[in-house]
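Chains Z and V are the protein sequences, given in the same order. If you're matching positions, the first sequence starts at 9 in our numbering and goes up one per residue. If you're matching positions, the second sequence starts at 9 in our numbering and goes up one per residue.
The set of hints was computed from the structure by calculation and includes no laboratory data. A hint or two may mislead.
Heads up, the list lumps identical chains together, so a pair's fine if it works in one copy or across two of them.
[Unchecked claim] Straight-line alpha carbon distances no greater than 25 angstroms define the calculated DSS-like cross-link-like pairs of lysine-lysine that follow:
| no. | residue 1 | residue 2 |
| --- | --- | --- |
| 1 | Lys72 | Lys85 |
| 2 | Lys167 | Lys85 |
| 3 | Lys266 | Lys149 |
| 4 | Lys336 | Lys323 |
| 5 | Lys266 | Lys336 |
| 6 | Lys336 | Lys360 |
| 7 | Lys360 | Lys266 |
| 8 | Lys100 | Lys149 |
| 9 | Lys33 | Lys72 |
There are 2 protein chains.
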Amino acid sequence: MLSRLANRTSDITPFYVMELLSRAKQLERQGRDIIHMEVGEPDFATPQTIVDAGIKQLQTGVIKYTPAAGLTELRQKIADFYQRHYSVVVDKERIFATPGASGAFLLALAASMNPGDELLMADPCYPCNSNFIRLFEGKAKKLPVDATTRYQLTAELLKQHWSQATKGAVIASPSNPTGTLIEPDVFKQCIELVNDKGGCFYSDEIYHGLVYGKNAPTALEYSNDVFVINSFSKYFGMTGWRVGWLVVPDAFVETTEKLAQNIFIATSTLSQYAALAAFDQSTLAELEIRRAEFTARRDFLYAALVHLGFEIPVKPDGAFYIYANCAKFTDDSYQLALDLLEAEGVAITPGKDFGSHLAHQHLRFAYTTSIERMAVAMQRLERFINQI
Amino acid sequence: MLSRLANRTSDITPFYVMELLSRAKQLERQGRDIIHMEVGEPDFATPQTIVDAGIKQLQTGVIKYTPAAGLTELRQKIADFYQRHYSVVVDKERIFATPGASGAFLLALAASMNPGDELLMADPCYPCNSNFIRLFEGKAKKLPVDATTRYQLTAELLKQHWSQATKGAVIASPSNPTGTLIEPDVFKQCIELVNDKGGCFYSDEIYHGLVYGKNAPTALEYSNDVFVINSFSKYFGMTGWRVGWLVVPDAFVETTEKLAQNIFIATSTLSQYAALAAFDQSTLAELEIRRAEFTARRDFLYAALVHLGFEIPVKPDGAFYIYANCAKFTDDSYQLALDLLEAEGVAITPGKDFGSHLAHQHLRFAYTTSIERMAVAMQRLERFINQI
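Could you build the full structure based on these sequences and the hints that come with them?
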């Protein structure tokens with residue numbers, strides 16, 4: 009029976025954190041107080057303006073298929089957002105509404121990647137991105153990065169590792185798990201290099217908006233010849249709605265539409281109607297308040313972890329993660345995460361969910377919970393490491 | 009630039025009907041009255057009970073990620089439905105909520121199909137099914153079928169065409185575009201043959217519930233070693249919600265969960281909560297009234313088309329399609345569809361959207377509009393063919 013499993017499935021890794029999460033839930037059922045700092049989902053609810061837009065559409069009772077590329081009105085609003093927020097002009101024909109950033113990645117790779125093609129990406133990185141590549145019989149060539157490059161790729165790295173098999177590069181900025189931004193000039197150089205090579209550049213911008221004290225440029229500021237993956241999940245607080253978007257180069261518009269018809273038929277109608285309210289001034293005002301809260305959380309958690317002896321050589325700029333080096337305490341971060349959960353009821357994500365480069369010396373802390381709860385978590389963590 | 013398109017994209021066909029649909033919309037904007045019989049989407053709105061369940065969940069404001077496999081409560085309700093409706097016991101662990109039947113197919117093939125694997129399927133069939141196979145570098149081996157087998161595969165056909173490269177078979181019953189059911193004993197033989205060969209059997213059951221005067225058995229009545237693809241879109245009237253489900257063999261449960269985590273993260277939360285109301289007695293009562301209406305529509309359209317001289321050698325049992333042979337009028341059904349739209353404002357789907365076997369002699373009529381409107385369409389069609 010087992011032999012019927014597709015070969016790719018043995019290369020696609022499960023999320024180790026799921027085992028941890030499942031144990032955390034078990035402990036909660038036993039009455040234990042668990043502080044969740046493992047989850048990549050903000051504790052904030054979807055903004056009321058977006059919920060209200062959903063209710064309004066539901067009350068019409070009309071939840072039919074939308075065009076495969078998405079509601080024209082939503083695509084236009086996204087185009088307007090690029091103009092207003094980044095001062096770049098993006099034709100709405102290049103913008104596709106997708107079932108989350110997952111759907112956007114799926115579509116971009118289905119459109120552009122052949123079996124055997126290699127994509128260059130950073131290690132550590134978000135695991136699904138490389139698993140999508142494997143799904144289409146490609147190969148993620150993960151380049152170890154560290155604090156010296158803000159855990160981001162550089163044009164030099166791309167140049168050095170570019171081979172006959174290389175199809176392109178993926179850059180996620182802000183990065184999950186490190187929260188670091190790529191420097192604008194390095195970003196530009198990377199895009200130019202990939203463009204010069206005639207490759208495909210995939211920019212994962214799903215944490216845009218969740219950037220603190222800086223601005224994250226979009227790849228579209230430097231080139232029209234890029235794929236941009238974005239989402240309403242994180243900054244806009246719409247995780248469970250499963251709606252994101254993909255921007256493609258002109259040459260891929262027709263093909264992407266054909267693939268969207270076949271792969272999805274369409275993205276959830278209701279989620280698209282709700283997302284129409286995402287760019288309203290009142291929504292953005294609320295999201296900016298949340299951003300201030302995330303900034304405070306980041307500052308709190310960063311200081312607390314450094315105080316406890318974790319090494320965080322680059323202060324993260326965005327997302328809601330801190331990727332901390334725990335080599336001072338252990339050489340097996342997964343075991344530490346399991347033990348911490350058992351002993352103190354604090355759930356965090358082991359480094360090995362994000363790659364192999366020094367993964368066993370790293371832990372990802374998500375500040376998706378309140379400062380009050382994180383303060384308790386830090387007390388517990390202090391007690392725990394004092395006993396190591 | 010063009011060379012960067014993935015090779016698969018040149019093999020994945022667009023829907024020809026989209027061109028027709030786009031012309032139909034253009035004509036509508038010019039004030040023409042278009043009767044839509046091309047669309048695979050019922051004219052009925054989502055049942056109010058389901059809409060209300062959606063509104064209720066929205067009012068909680070909590071639209072967070074669900075587990076990758078779906079809401080436990082929804083998976084249990086689907087399992088209960090199998091027990092109640094088909095008298096088969098299906099462990100809820102084998103059931104995955106998916107972004108529509110599209111997501112279910114994607115997941116099933118990602119889990120089971122290697123590059124180069126062949127899947128046997130009927131020609132004509134729903135085009136996305138074979139395009140999904142191409143997406144994962146497999147090959148759809150389409151076997152021409154006709155009225156003598158109710159446009160369905162048989163165990164003899166499978167046996168005859170099974171080769172070293174064959175991984176399994178796909179059967180859709182009721183079929184799109186033909187609306188025909190496979191005979192229960194033939195269905196059982198096909199499943200047994202694929203099981204004996206150690207292959208994978210994929211049963212597309214998305215039109216279950218929309219069957220008139222008969223019952224469609226599920227593949228799960230004959231074997232637990234099958235993939236079943238189903239959806240809330242058609243019978244349950246939830247097209248735009250993008251929620252369906254996949255049942256997998258025991259041996260695929262763990263792998264399917266891992267893939268779902270990576271490919272989707274999760275299915276739309278709201279759509280899953282709304283779908284919890286799909287199996288309520290009050291919902292089912294309303295759906296049964298609609299089924300009666302579809303039965304009347306089928307009977308009307310079948311009689312009208314036969315009267316006009318179309319050949320329909322097997323009266324369709326289900327879905328909302330009639331696949332009519334138009335060889336009496338043309339040898340180019342696509343041109344006929346285009347001309348009919350221009351001349352009379354009736355939109356139908358050309359056979360070539362469903363394969364190549366005698367496709368140019370066939371047209372698909374969807375009875376997704378009222379008998380009143382179809383009566384007008386038939387008058388127009390009569391006038392049109394009288395001028396051929």
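Results of checking the hints against the structure:
1. Lys72 <-> Lys85: Classified as both: same-chain Cα gap 20 angstroms, cross-chain 24 angstroms, threshold 25 angstroms.
2. Lys167 <-> Lys85: neither (37 angstroms within a copy, 54 angstroms between copies)
3. Lys266 <-> Lys149: Only across copies: Lys266 and Lys149 sit 21 angstroms apart there, 29 angstroms inside one copy, limit 25 angstroms.
4. Lys336 <-> Lys323: within (18 angstroms within a copy, 75 angstroms between copies)
5. Lys266 <-> Lys336: Classified as neither; 52 angstroms inside a copy, 33 angstroms across copies.
6. Lys336 <-> Lys360: Intra 17 angstroms, inter 66 angstroms, cutoff 25 angstroms: intra-copy only.
7. Lys360 <-> Lys266: between (37 angstroms within a copy, 16 angstroms between copies)
8. Lys100 <-> Lys149: Neither, since 32 angstroms and 38 angstroms both go past 25 angstroms.
9. Lys33 <-> Lys72: between (37 angstroms within a copy, 16 angstroms between copies)
Hint compliance for this structure: hints 2, 5, 8 are not met, and every other hint is.
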